[in-house]
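Asks: So the chains spell out like this:
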Amino acid sequence: MALLEVEGMTHYFGGLRAVHNYNLQIQRGEIRGLIGPNGAGKTTIFNLITGIYRPTRGRIVFEGEDIVGLPPHRIAARGIARTFQNMLLWRHMTVLEHVKVAHYARIDYGLVGAFLGTPRRRRQEAEFEERSYELLRMMGVERFANKVITELPYGAQRRVEIARALATEPKLLLLDEPAAGMTPEEMIEMVDTIRRIHSMLGMAIFLIEHRMRVVMDLCETIQTLNFGEVIAEGTPDEIRNDPVVIEAYLGKEVVT
Amino acid sequence: MTYLLQHVVNALQWGSFYALIALGYSMVYSVLMLFNFAHGDIFMVGAYIGLFVSTGLLLLGTAGAVTLPNWLVLVLTIILGMALTAVVGMLVERVGYRPLRKAPRASAALTGLMIGITFQTLNLALLGAKRRSFPALIETATYQVAGVSITNTKIMIVVISLLLMLALDQFVRRTKWGMAMRAMAVDIFVVPLMGVPINTMAALTFALGSALAAVAGIFFGQAYPVLEPYMGALLGWKAFVAAILGGRGSVLGAALAGFMLGFIEIFVAVVFPSTLRDLIAYSAILLILTFRPYGLFGEPYSARLRL
Amino acid sequence: MTTATQKQPPASDRHRNSTIRAVLSPWREVPFLGWLLGALAAVMLEHSVGSSLALTLGLRRIPVLFGFELMLKAPQHIPGMLVYLVLVYMLPAALVAVATRGLTNALAARLLQSPALSLAVHLVLLYGCMHFWCALSDYRYLVAQLALIAVMLTLSLNVINGYMGEFSCSHPGFMALGAYAASVLTVLLFVEDDVFGPPLLPPTLGPFLFPLALVAGGLVASLGALAVAIPSFRARGDYLGVITLAFTFVVKSLFENLEIVGGPRGFMNQPNWAGLPTVFVWAVVCVAVINNFVRSTFGKALNAVRDGETAAEAMTINTRRTKTVAFLSAAFWAGVAGGLFAHVVGYINPATFGAQKLAEVLAMVYFGGLNSVIGSIAGGLGLTLFSEMLRPLEVWKWVIIPMLLVLVMTRRPTGLIAFREFDALKLLGPRGRWEGGVQDGTAGG
Numbered sequence: 001m002a003l004l005e006v007e008g009m010t011h012y013f014g015g016l017r018a019v020h021n022y023n024l025q026i027q028r029g030e031i032r033g034l035i036g037p038n039g040a041g042k043t044t045i046f047n048l049i050t051g052i053y054r055p056t057r058g059r060i061v062f063e064g065e066d067i068v069g070l071p072p073h074r075i076a077a078r079g080i081a082r083t084f085q086n087m088l089l090w091r092h093m094t095v096l097e098h099v100k101v102a103h104y105a106r107i108d109y110g111l112v113g114a115f116l117g118t119p120r121r122r123r124q125e126a127e128f129e130e131r132s133y134e135l136l137r138m139m140g141v142e143r144f145a146n147k148v149i150t151e152l153p154y155g156a157q158r159r160v161e162i163a164r165a166l167a168t169e170p171k172l173l174l175l176d177e178p179a180a181g182m183t184p185e186e187m188i189e190m191v192d193t194i195r196r197i198h199s200m201l202g203m204a205i206f207l208i209e210h211r212m213r214v215v216m217d218l219c220e221t222i223q224t225l226n227f228g229e230v231i232a233e234g235t236p237d238e239i240r241n242d243p244v245v246i247e248a249y250l251g252k253e254v255v256t
Numbered sequence: 001m002t003y004l005l006q007h008v009v010n011a012l013q014w015g016s017f018y019a020l021i022a023l024g025y026s027m028v029y030s031v032l033m034l035f036n037f038a039h040g041d042i043f044m045v046g047a048y049i050g051l052f053v054s055t056g057l058l059l060l061g062t063a064g065a066v067t068l069p070n071w072l073v074l075v076l077t078i079i080l081g082m083a084l085t086a087v088v089g090m091l092v093e094r095v096g097y098r099p100l101r102k103a104p105r106a107s108a109a110l111t112g113l114m115i116g117i118t119f120q121t122l123n124l125a126l127l128g129a130k131r132r133s134f135p136a137l138i139e140t141a142t143y144q145v146a147g148v149s150i151t152n153t154k155i156m157i158v159v160i161s162l163l164l165m166l167a168l169d170q171f172v173r174r175t176k177w178g179m180a181m182r183a184m185a186v187d188i189f190v191v192p193l194m195g196v197p198i199n200t201m202a203a204l205t206f207a208l209g210s211a212l213a214a215v216a217g218i219f220f221g222q223a224y225p226v227l228e229p230y231m232g233a234l235l236g237w238k239a240f241v242a243a244i245l246g247g248r249g250s251v252l253g254a255a256l257a258g259f260m261l262g263f264i265e266i267f268v269a270v271v272f273p274s275t276l277r278d279l280i281a282y283s284a285i286l287l288i289l290t291f292r293p294y295g296l297f298g299e300p301y302s303a304r305l306r307l
Numbered sequence: 001m002t003t004a005t006q007k008q009p010p011a012s013d014r015h016r017n018s019t020i021r022a023v024l025s026p027w028r029e030v031p032f033l034g035w036l037l038g039a040l041a042a043v044m045l046e047h048s049v050g051s052s053l054a055l056t057l058g059l060r061r062i063p064v065l066f067g068f069e070l071m072l073k074a075p076q077h078i079p080g081m082l083v084y085l086v087l088v089y090m091l092p093a094a095l096v097a098v099a100t101r102g103l104t105n106a107l108a109a110r111l112l113q114s115p116a117l118s119l120a121v122h123l124v125l126l127y128g129c130m131h132f133w134c135a136l137s138d139y140r141y142l143v144a145q146l147a148l149i150a151v152m153l154t155l156s157l158n159v160i161n162g163y164m165g166e167f168s169c170s171h172p173g174f175m176a177l178g179a180y181a182a183s184v185l186t187v188l189l190f191v192e193d194d195v196f197g198p199p200l201l202p203p204t205l206g207p208f209l210f211p212l213a214l215v216a217g218g219l220v221a222s223l224g225a226l227a228v229a230i231p232s233f234r235a236r237g238d239y240l241g242v243i244t245l246a247f248t249f250v251v252k253s254l255f256e257n258l259e260i261v262g263g264p265r266g267f268m269n270q271p272n273w274a275g276l277p278t279v280f281v282w283a284v285v286c287v288a289v290i291n292n293f294v295r296s297t298f299g300k301a302l303n304a305v306r307d308g309e310t311a312a313e314a315m316t317i318n319t320r321r322t323k324t325v326a327f328l329s330a331a332f333w334a335g336v337a338g339g340l341f342a343h344v345v346g347y348i349n350p351a352t353f354g355a356q357k358l359a360e361v362l363a364m365v366y367f368g369g370l371n372s373v374i375g376s377i378a379g380g381l382g383l384t385l386f387s388e389m390l391r392p393l394e395v396w397k398w399v400i401i402p403m404l405l406v407l408v409m410t411r412r413p414t415g416l417i418a419f420r421e422f423d424a425l426k427l428l429g430p431r432g433r434w435e436g437g438v439q440d441g442t443a444g445g
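Just so you know, the sequences run in chain order V, F and H.
Mapped onto my numbering, the consecutive letters of the first sequence carry residue numbers 1 to 256.
Mapped onto my numbering, the consecutive letters of the second sequence carry residue numbers 1 to 307.
Mapped onto my numbering, the consecutive letters of the third sequence carry residue numbers 1 to 445.
Keep in mind the hints are simulated off the structure, nothing from the lab.
Here a beta-carbon is modelled for each residue, glycine too, at the ideal position from N, C-alpha and C.
A few of these clues could be false.
List of simulated lysine-lysine pairs, BS3-like, C-alpha gap at most 25 Å [stated by the list, open to error]:
id	chain 1	residue 1	chain 2	residue 2
1	F	K102	V	K147
2	H	K426	V	K147
3	H	K397	F	K130
These stretches of chain V come out as covered by chain H in the derived footprint (C-beta under 8 Å, 3 or more residues) [said to hold, decoys possible]:
id	region
4	89-103
5	113-119
6	161-173
Here are a few chain H residues that sit away from chain F, every Cβ distance over 12 Å (derived from the structure) [to be verified]:
id	residue
7	T19
8	L72
9	D194
10	F196
11	P199
12	A424
Whole structure, please, built from the sequences with the hints as guidance.
Replies: Dropping the structure here:
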């Protein structure tokens with residue numbers, strides 16, 4: 001059984017059709033890419049899967065259960081984590097707090113613990129903190145742990161955002177343009193990092209990316225989207241040579 | 001029936017005050033995305049300025065310098081009152097809001113609140129707790145229309161208020177400044193690109209709103225000739241609520257909601273004991289906003305997308 | 001948590017700085033315990049020789065609130081007043097604090113091995129200071145009670161306005177609910193009253209069951225808070241602000257129309273059970289509980305909701321639950337504070353809980369500092385004391401205080417001590433060269 005299965009998902013914004021009859025199957029541990037021109041509906045698909053929007057039609061099945069209509073935090077707690085294209089970081093919080101608070105779903109000390117500071121809470125908070133440091137180390141941003149997020153350079157902020165998503169212990173990680181705005185060197189590092197966390201934690205990854213290098217390097221299969229519809233699906237090589245894709249997307253840009 | 005109509009007339013007058021004040025809140029909100037919590041007290045200041053101007057002008061007559069006819073005193077009071085109160089409004093913007101343009105919005109709201117309190121107590125400290133009566137500038141004439149008694153004051157208040165609202169509407173639609181104001185309501189960053197400095201716009205908005213509040217204050221003085229330092233806080237909060245009910249920065253909405261609030265209050269007082277007026281009015285507001293969180297005429301944009 | 005790091009001074013300044021440091025270093029080495037001891041010594045000194053010293057200096061009586069009220073009324077007493085302040089407060093406090101620093105540092109380090117004991121000792125000393133200070137004047141006693149209640153109100157409002165970043169105006173409403181509920185309970189159960197009749201329970205039980213009445217008041221306020229917590233799921237920002245404002249006015253006019261609790265005339269006969277010790281204990285519990293809460297991951301979720309609700313949801317945070325907990329717990333403490341207030345003053349009326357109260361509490365929160373427990377303590381205590389000190393100015397007091405606040409807000413829009421984490425145990429540790437001696441080595445340079 002596939003980890004995530006999307007069937008016939010369609011979404012309208014008012015009268016505007018953003019996504020049409022979208023289908024997707026992601027297996028456990030797989031890395032898959034989603035490409036397409038601006039406004040093709042890529043981020044909308046992420047928002048639909050994570051419950052920020054509710055699809056007009058269609059089914060989204062995660063680990064055998066329909067998750068359409070669940071609030072986003074429930075979907076996230078089931079194991080779908082994400083990052084955002086424009087990095088929705090919490091601007092008054094420190095790096096460590098970012099990662100720690102993403103453990104929210106696993107708090108089991110309850111309100112009593114939160115208000116009274118029971119031993120159980122102390123134990124669990126220490127555990128969250130330890131794990132947060134571990135994730136920050138994995139992403140190479142441990143040295144910023146006690147800095148407020150806005151003091152960090154851009155690339156480091158991207159990494160913190162991924163660490164935050166990892167803290168929710170995802171089985172599926174959605175990355176929305178993880179290398180956006182990065183220099184070529186930073187981009188290569190980011191690709192390495194993504195590969196590393198994938199091999200260490202083994203979750204499935206579904207990523208949107210504009211930089212062809214990133215997608216072609218990382219992904220086993222790629223979907224190409226145009227005007228809210230999948231126009232091609234296949235291995236990087238197949239996509240690279242698909243005339244439909246070249247016309248819709250690559251044809252307009254310099255292929256690197 | 002006539003009994004009901006009588007209350008409609010009263011509600012129209014009462015609603016005019018709310019509407020005029022609510023417009024000030026709404027305009028500042030649409031331009032700066034801030035509520036000017038000092039606005040209710042600017043209304044109070046406007047009323048007092050009107051009081052001093054008119055008494056001064058009348059004193060000229062008794063002192064034998066120049067005797068002005070009462071209607072001219074009223075016109076001059078309104079014009080001078082509008083101008084002076086506009087200056088007060090611009091001052092409030094300069095002192096309390098401009099330094100906070102980049103600060104959290106709640107801080108700016110609090111600053112406004114504090115400036116309002118300063119106005120109240122300054123008034124109390126300088127003029128004492130005594131209530132002041134506004135000189136009657138219009139010989140009251142009462143007309144009987146279909147059994148409903150209408151005074152000329154009421155007609156004047158409602159008509160001039162409506163005319164001012166219409167003028168404001170035209171100003172916002174037709175002039176360059178008005179269009180810049182509307183553009184700012186959509187996107188505060190686009191306006192400097194159009195060559196309109198934000199500071200000028202902010203000052204203009206405060207001036208306009210304050211001028212309207214001054215008119216409301218002077219009319220209030222004509223209808224209920226007793227002024228006291230806390231009158232602004234009482235009416236101001238409700239007008240503010242009307243501005244919110246009207247919807248995000250909607251000028252028309254604010255005016256309509258102002259009249260609506262006037263009707264609610266007057267008719268609640270007809271049916272229920274008047275002590276329940278606030279309870280019912282505010283409960284209605286609480287309910288309306290619970291089910292229509294973005295006001296009656298505001299755009300229902302999704303909270304989730306507001307990032 | 002973001003303390004300024006000390007920079008190494010340039011070589012030329014080093015000599016001058018070292019003299020300054022030599023003078024300052026004894027002060028820097030005084031732990032909190034030492035300052036408490038110093039303060040205790042000062043107030044006890046005042047207790048024994050204060051009135052005679054005041055007479056010798058030509059003052060009619062001891063300066064009640066650090067001399068402000070007398071200075072404003074009778075400027076000719078200013079020199080005498082300053083001598084009094086130096087002789088009674090500053091010198092003894094400073095001397096004792098510095099002289100005992102070796103002892104207090106050792107003691108502080110030893111106490112820290114058992115955090116609970118350390119907290120208890122410090123709190124007892126703190127209470128001792130307040131007790132002796134207040135023993136000299138009923139007015140001081142009342143001011144201290146009101147200041148502690150103000151701290152509870154400020155801190156609980158900070159949970160919503162600072163930590164969760166909503167502009168809530170509902171605090172006077174919560175306070176009113178708590179005040180009326182607790183008052184009705186105590187008057188109904190323990191007091192002979194014209195309206196409520198003879199007491200239902202023996203009045204001797206009253207002081208013991210009083211905490212339950214306060215908790216009941218808090219719970220009633222929490223229940224009322226549902227009326228704003230539920231709309232907060234959909235409405236945010238300004239609209240929520242108006243909803244909360246309407247809530248306050250609804251509660252106020254509700255009590256104005258409830259004849260059984262006196263309507264607009266107010267409600268009195270509350271028994272005098274909220275003495276300073278009671279208020280002190282409640283305030284300490286309130287600070288401890290709220291501080292605990294905002295430092296937990298649960299509490300940090302409030303910050304996440306404030307700084308980005310979409311991201312918070314995507315990171316598994318149940319935002320509705322978070323908002324509900326924030327509103328209900330803040331309302332609970334506001335309700336308890338209201339109950340205490342009613343029993344301190346012995347009289348409440350609906351007008352107490354209107355726009356004026358709202359402006360006061362908001363001012364304390366934003367003056368002290370958003371998102372900061374220390375800020376709220378400072379804001380609540382500071383503004384209450386300050387406004388009492390300015391009392392002789394009468395009406396002008398309320399011209400000066402708002403203008404001062406405007407000044408503060410335009411300079412520091414998030415308040416004086418904003419975004420600071422409050423770690424009591426760090427505060428209570430030893431200082432200076434004794435600092436390294438802490439067993440777990442948490443203290444850094």
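Asks: When the hints from earlier in the document are held up against this structure, which numbers fail?
Replies: none
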